[in-house]
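Participant: Following the hints, complete the assembly by docking chain B onto the known chain A.
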Amino acid sequence: MSWWQALFMGLLQGATELFPVSSLGHAVLVPSILHWSFRQSDPSFVPFLTLLHLGTATALLVLYRGQWVEIIRGFFVAAVRGRITSDSERLAMLLLTGTIPAAILGVYLEKHIKAFFASPYAAAGFLVANGLLMLGFEFLRRRAERRAAPDAASHEDVEEQFADAAHISFVAAAIVGACQALAFLPGISRSGVTIGGGLLAGLRHQEAARFSFLLATPTILGAGLIEVPQLFTTSVPLAAYLAATVLAGIAAYLSARFLLRYFRSGRLDPYGWYCIAAGLLSFALLRLNA
Amino acid sequence: MRSNALSLGLVALGVAFLIIGALYAFGVLQIFVSDPNSPHHYTHMILFVVLAVAAFIAANFTRAKAV
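Residue numbers (numbering that gives the first Met the number 0), protein chains in the order written: chain A, 0 to 289; chain B, 0 to 66.
Okay, chain A solo, but in the shape it has when bound:
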């Protein structure tokens, strides 16, 4: 992988990681469509993507630095006391509950998931499936909104009927967390399924995005700790990879700021339609290039 390719991949991954459009799907599809010489089946490709994910996780840590201090403090206080007395303590335990199913599924499905990395066709298919999921989440959410606030005058009034991240149930947190494992499939978006899961669990759009971003951080960091050492056992352009990681972090920070603002009044639908179109277009381009 050349310097420019690595930097492009960093920008692409960082910009798409937090949008519900699957950064992994894009990272698998774009090099195949552009006929880049490096292969996704190369042993250094997954650690490279993981390194880029670490850039994203760092951006999220910076964005939520104040909240993470509260969450970590809340975690230890609640764990030692054996009782939850504040929102930050509850959020800490919710994040632990949501992270465990993703960790179990990630560790035990790792081998099967990696088998999909070699196939851009699978990524294109999953991207279409991701788009349908986003549209499905919003369809179900609109139904819930009509029941919760049938006379609401604006979208903001409707959103007020729904909860913030700390008030999701523990069962819902575990289910949303388990959904993260779907994102190991290239084409299925981690933030998409977790935001969608949060919406179905009764969160406001912006709070679903916040819960998704907070939930992603320990998962991505954990995956990074496991995969990054492999970078140093294979021959890779480490300087280019690190520069790409920085670029990914900057792009992810800006994306997160944009999305938190967007979800004050926006929905998942535009991203759903984008994924369907991008998946179908990728499929067509791959067939043409075959």
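Treat the hints loosely; a few may be bogus.
The following residues of chain B were derived to be distant from chain A, with all beta-carbon distances above 12 Å [said to hold, decoys possible]:
#1 L7
#2 G8
#3 V14
#4 A15
#5 L17
#6 L22
#7 V27
#8 V32
A few chain B residues that face chain A, going by a derived Cβ cut-off under 10 Å, partial list only [claimed, not checked]:
#9 F31
#10 T42
#11 H43
#12 F60
#13 R62
Hints are computed from structural coordinates only; laboratory data are not their basis. Note that CB positions come from ideal geometry on N, CA and C, so glycine has one too.
Facilitator: Below, chain B alone, put in the same frame as chain A:
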């Protein structure tokens, strides 16, 4: 739900997770591993240590507290 019996059960589960984690770390356990030839499975070990910590926390939450 607070009960000392449940709490003890969770502590036992936590200890079991620690033992399973150690077995993975020393390569004794080879269930659902990506590379059966590897002498150590540290990823699985880390997972089971996290599960053990979660079980101990859950045990503390379910322990009957003196008022």
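Participant: Could you work out which earlier hints the structure fails to respect and list their numbers in ascending sequence?
Facilitator: 8
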